[in-house]
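Asker: Chains U and G are the protein sequences, given in the same order.
Be aware that the first sequence starts at 1, since it is given in the numbering used here, and climbs by one per residue.
Be aware that the second sequence starts at 1001, since it is given in the numbering used here, and climbs by one per residue.
Certain hints may be false.
[Said to hold, decoys possible] Distance windows between CB atoms, simulated: (1) U/Gly150 x G/Glu1021: 48 to 54 Å; (2) U/Pro98 x G/Pro1025: 32 to 38 Å; (3) U/Gly150 x G/Pro1025: 27 to 33 Å; (4) U/Glu115 x G/Asn1011: 36 to 42 Å.
By construction, these hints were calculated from the structure, which means they are not laboratory data.
Because the structure is a prediction, the values reported are computed rather than measured.
Virtual Cβ for every residue (Gly too), placed ideally from N, Cα, C.
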Amino acid sequence: MKPPARIYDGKGARIVGAVALMAVVGAGVWAAEHSRKGRRTAKRRSDMPALAGGKGIHVERMVTILRSPAELYAEWRDLERLPELMSHLVSVTLLGGPRSRWVARGPAGMRLTWEAEIMANEPGHLLAWRSVGEGDVENAGSVRFTPAPGDRGTEVKVILTYAPPAGRLGAAVAMMLGGSADQDVREDLRRFKQRMEAREIATSGRPARERELARNG
Amino acid sequence: MRAVCWQGAGNVRVTTVPDPEILNPRDAIVKVTATAICGSDLHLYNGVIPTMRSGDVLGHEFMGEVVEVGAGNSAVKPGDRVVVPFSISCGACWYCREGLTSLCDNSNPNAHMAEGLYGFSGAGLFGYSHLYGGYPGGQAEYVRVPFADVGPLPVPPTLSDEQVLFLTDILPTGYMAAENCGIRSGDVVAVWGSGPVGLLAMKSAYLLGAERVIAIDRWPARLRLAESGAKAETLNYEEIDDVVEELKQRTGGRGPDACIDAVGMEAHGTTLDALYDRAKQAVWLGTDRSHALRQAIQACRKGGSVSIPGVYGGFLDKFPLGAAFAKGLTMRMGQTHVHRYLRPLLQHIESGRLDTTFVVSHRWPLSRAPEAYRMFNDKSDDCTKVVLDPAG
């Protein structure tokens, strides 16, 4: 099933740069279907750049943070600081324009790199990105900021898809991501929430960052 | 420094551990001047709370002097004499803003463990298992206090340590237990458990307008304390056949308007259900012993309130939900939101309306902690509350 190449903001109200995005995604599609736990669903994926053929490991997580969508967006938009929150990232370097270079920790101390491009950018609402060119891990992701009801802040929704390469490296990466991707995203979002609300990351031992470095090498 | 460390079920030791350090900007280090053993520490002592590790520093009732603060903390300064709430709360999340500080979203570094068990995680707690964050506790010479710009409350020099120490847990816990009863004038409040929390719940119930308070326990010394210290009528459940019937008789056939379970997951009892619980818990079949709670639900009048300050950790068996439903009971429970009670309760202490020192039975040096745990657990030597001096 090929869906219409459109991005909804969740209320069906807005279509964002769909034509341009389609051009960049190329073989990929803006999917209205995705595969999760081996079961294909016909749920409309309105805010997520998918990988070709719907392949990959798919993670979807939400958290509510007591800050405005604008503040949270601004923090996330500062891509070079993302490694402070995301335990698997080593660095993000801006390359000018919509491009950036990402370095992540792989299995057995390996470094994985890829270049990514911002696919959708609605200040205060949405960021979507996708790996481009010949990277170690083909991946795509988005983060959406929606005001929560009442005075509860902002609902932050992250969607990530990874498609590890073929071969032995790919198998190792798949094992690593497949085993912990969901929990990693959950913990990354928890850290994001702690930083934005409490201004620090809770720890009962050594500083959280130091502990991560010790764990991940 | 010296600290009281958990070594396994029924085994605590005073050992030398590294001094705590500032780890986050909002931290403070407190030199402990007084610390107490809580009834809930006995759940750890007895090994019924999961995720304890050998070497964990115990203690969540402590106060002392601030000796160091983090770079991002301008609310307290070295030299301040403070009491510290047992729950660690960021002060900035939705729950903290609502005054539900024991449900803080941001203070449990092991939140995933609690989420696995309970669906969501509450606040981190000092010295109370890794499920609650793995924070070293305050039965020690020094303790690191996270989010010290919202937790610790400076106390006036006119009040002794012992007068304010229980602001850290048992006084607000007893007070919230009574508050959760929604007491109206004329109410009769029955309290299961005449330990320190039960005793302070009794005093708080009167403070909130109760007409009569009935204390239920089996330890004569504790019942005497309920009578003398908290002006409660007493009921020794080992001396009568049917607690529910007895309470009915004492309340004109109505039943107590509110019932407080200040016992929790290690309840004792003389009836069949209590023996059944005991057997299941002994072989780790994973159920809490809830005899007191069952009785409270059964005894409570129609439309009354059941308040649960007693700690529960897992699953309940033979829970009389039918009785609770049939009588339209209101049930309220949970860890105490200490932060929101600190100032008003400190005022009650300063004005003389609340004195909590009567619950203390033993004042010992920290070095005798192992003996103190054993005594408190066995209720020997009429032990109700042990205050430890870290200097000794």
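Asker: Would you mind marking each hint as holding or not holding in the structure?
Answerer: Going through the hints against the structure:
Checked against the given bound of 48 to 54 Å, the beta carbons of glycine 150 of chain U and glutamate 1021 of chain G, roughly 40 Å apart, lie outside it. Roughly 34 Å separates the CB atoms of proline 98 of chain U and proline 1025 of chain G, a value that falls within the hinted 32 to 38 Å. Taking the beta carbon of each, glycine 150 of chain U and proline 1025 of chain G are about 30 Å apart, inside 27 to 33 Å as hinted. Between glutamate 115 of chain U and asparagine 1011 of chain G, the C-beta spacing of about 57 Å breaks the proposed range 36 to 42 Å.
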